[in-house]
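Here the sequence shown stands for residues 1 to 131, where the numbers follow the working numbering.
Treat the hints as calculated values from the structure; they're not laboratory data. A couple of the hints might just be wrong.
Unchecked claim - Just the calculated beta-carbon pair ranges, DEER-fashion:
#1 67 <-> 12: 18 to 26 Å
#2 71 <-> 2: 36 to 44 Å
#3 71 <-> 107: 27 to 35 Å
#4 4 <-> 130: 28 to 36 Å
#5 130 <-> 5: 32 to 40 Å
#6 12 <-> 39: 23 to 31 Å
#7 81 <-> 23: 15 to 23 Å
#8 73 <-> 119: 37 to 45 Å
#9 67 <-> 41: 27 to 35 Å
#10 51 <-> 71: 42 to 50 Å
#11 69 <-> 41: 31 to 39 Å
#12 93 <-> 22: 30 to 38 Å
Said to hold, decoys possible - Straight line, CA to CA, 25 Å or less: simulated DSS-like cross-link-like pairs of lysine-lysine:
#13 125 <-> 99
#14 11 <-> 82
#15 115 <-> 11
Bear in mind the structure is a predicted one, so any value in this text is a computation, not a measurement. Here a beta-carbon is modelled for each residue, glycine too, at the ideal position from N, C-alpha and C.
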Amino acid sequence: MTTAAIIDLLKQVTTDLLWSSESDYPFEIVTWDRGVAMTPTALFSKLANPDAAIETISLTDLFAPVLTVENWYEDAELAQVKRFTDLLHAIESNLADVKVFRVGEVEIAIYIVGKTPDGEPIGLKTHAVET
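Please put together the full structure from these sequences, using the hints given.
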């Protein structure tokens, strides 16, 4: 799949999908120049606050809370789990070397970054608020 097709797929599976923490945030597509190293220093060198804390976590750890099905879930909650399952599948099926970076404390920017088959680093960005 081409980079453009992967971007379209990620846009499709994240439309109206919100990452919930103490607030709800949408996902947005992020891209970098081809050849950028998949390291926090290279990826986030142009942040407004280059000294922000950066934590690397696994994709599994990020998605675990939103993929957990509770016995009290009704149709709306089950549909939400399905949407996050579809998003995870889209990421795992189309991006290599996927990394998840949490940038900041309290107000956290979450980046899910991987490389397309064309070698371009792309991903998704959302936010979480954790006080």
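Structure-based check of all given hints:
{"no.": "1", "hint": "67 <-> 12: 18 to 26 Å", "verdict": "holds, 19 Å"}
{"no.": "2", "hint": "71 <-> 2: 36 to 44 Å", "verdict": "holds, 42 Å"}
{"no.": "3", "hint": "71 <-> 107: 27 to 35 Å", "verdict": "holds, 33 Å"}
{"no.": "4", "hint": "4 <-> 130: 28 to 36 Å", "verdict": "holds, 34 Å"}
{"no.": "5", "hint": "130 <-> 5: 32 to 40 Å", "verdict": "holds, 34 Å"}
{"no.": "6", "hint": "12 <-> 39: 23 to 31 Å", "verdict": "holds, 29 Å"}
{"no.": "7", "hint": "81 <-> 23: 15 to 23 Å", "verdict": "holds, 20 Å"}
{"no.": "8", "hint": "73 <-> 119: 37 to 45 Å", "verdict": "holds, 40 Å"}
{"no.": "9", "hint": "67 <-> 41: 27 to 35 Å", "verdict": "holds, 30 Å"}
{"no.": "10", "hint": "51 <-> 71: 42 to 50 Å", "verdict": "holds, 44 Å"}
{"no.": "11", "hint": "69 <-> 41: 31 to 39 Å", "verdict": "holds, 38 Å"}
{"no.": "12", "hint": "93 <-> 22: 30 to 38 Å", "verdict": "holds, 31 Å"}
{"no.": "13", "hint": "125 <-> 99", "verdict": "holds, 12 Å"}
{"no.": "14", "hint": "11 <-> 82", "verdict": "holds, 16 Å"}
{"no.": "15", "hint": "115 <-> 11", "verdict": "holds, 16 Å"}
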